[in-house]
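Student: Line by line, the protein sequences are chains U and V.
In terms of our numbering, the first sequence opens at residue 1 and continues consecutively.
In terms of our numbering, the second sequence opens at residue 1 and continues consecutively.
Everything labelled a hint here was simulated from the structure, so no lab data went into it.
Some hints could be false.
As the list claims (entries may be wrong) - Now the in silico label distances, taken between C-beta atoms and shown as ranges: (1) U:R16 / V:E14: 46 to 56 Å; (2) U:S41 / V:S66: 39 to 49 Å; (3) V:Q41 / U:D95: 18 to 28 Å; (4) U:K97 / V:Q80: 36 to 46 Å.
Claimed, not checked - Chain V side only, calculated, beta carbon under 10 Å to chain U, not exhaustive: (5) A2; (6) Q6; (7) S7; (8) T103; (9) F106.
This structure is a prediction, so every number in the text was calculated from the model and none was measured.
Just so you know, even glycine gets a beta-carbon here, dropped at the ideal spot from N, CA and C.
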Amino acid sequence: DAKTTQPTSMDCAEGRAANLPCNHSTISGNEYVYWYRQIHSQGPQYIIHGLKNNETNEMASLIITEDRKSSTLILPHATLRDTAVYYCIVRVMNDYKLSFGAGTTVTVRA
Amino acid sequence: EAGVAQSPRYKIIEKRQSVAFWCNPISGHATLYWYQQILGQGPKLLIQFQNNGVVDDSQLPKDRFSAERLKGVDSTLKIQPAKLEDSAVYLCASSQSFTSTDTQYFGPGTRLTVL
Chain U
1 DAKTTQPTSM
11 DCAEGRAANL
21 PCNHSTISGN
31 EYVYWYRQIH
41 SQGPQYIIHG
51 LKNNETNEMA
61 SLIITEDRKS
71 STLILPHATL
81 RDTAVYYCIV
91 RVMNDYKLSF
101 GAGTTVTVRA
Chain V
1 EAGVAQSPRY
11 KIIEKRQSVA
21 FWCNPISGHA
31 TLYWYQQILG
41 QGPKLLIQFQ
51 NNGVVDDSQL
61 PKDRFSAERL
71 KGVDSTLKIQ
81 PAKLEDSAVY
91 LCASSQSFTS
101 TDTQYFGPGT
111 RLTVL
């Protein structure tokens, strides 16, 4: 019962910004938006999360729309090592559960 | 800091056989999770431990799957007997606690093939 919708796949050019969209139109006020990624043959890796403000860390930026119904994960300068499946997850405040959907397969091309 | 360790990395068994997977979480992490990831899907939570107690095992097929976390550190997940549909990657994750903002750190997983 995934609460998010993501494109199945997308390509981006090495060195360019990669913008990964996610729709979460039924998000509640007590739910965070989380992003994880999974590189081939590895476990998922935490990227970033946010509630309603935009967030930035050393890996990426997260832009959440004012109505919170969608968000965009931005990888500012994609490298070949960013090729992975990216998961957008809505997580209830004070709840440990991470409910993964199928994610977006991102391929960074040289 | 050392990450979450899992072994073995790969296992091939015949259906109806038994198999066990081992996980050592990040030192000091109180919460441990086991996930099942079927090819082409995202991980699905099987069981969660807080120290050595089970918090949530609602998605664990208890007729064939069991898990324990003795002494609140490392954990073992067992399947007995295995079915073809159990072919998947079994991921272990840990976090310092189980609050919503606590990051879950994942191990590399064990890929199980049931023939």
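Student: Run every hint past the structure and note whether it holds.
Tutor: Verification of the hints:
1. U:R16 / V:E14: 46 to 56 Å: 48 Å, holds
2. U:S41 / V:S66: 39 to 49 Å: 27 Å, violated
3. V:Q41 / U:D95: 18 to 28 Å: 21 Å, holds
4. U:K97 / V:Q80: 36 to 46 Å: At 27 Å between Cβs, range violated.
5. A2: Interface hint status for V:A2: violated (14 Å vs cutoff 10 Å).
6. Q6: Where the cut-off is 10 Å and the nearest Cβ of chain U is about 8 Å from V:Q6, the hint holds.
7. S7: Since the shortest Cβ distance to chain U is 14 Å, the answer is violated.
8. T103: 5 Å, holds
9. F106: 3 Å, holds
Violation of the numbered hints given earlier is confined to hints 2, 4, 5, 7; the remaining hints are satisfied by the structure.
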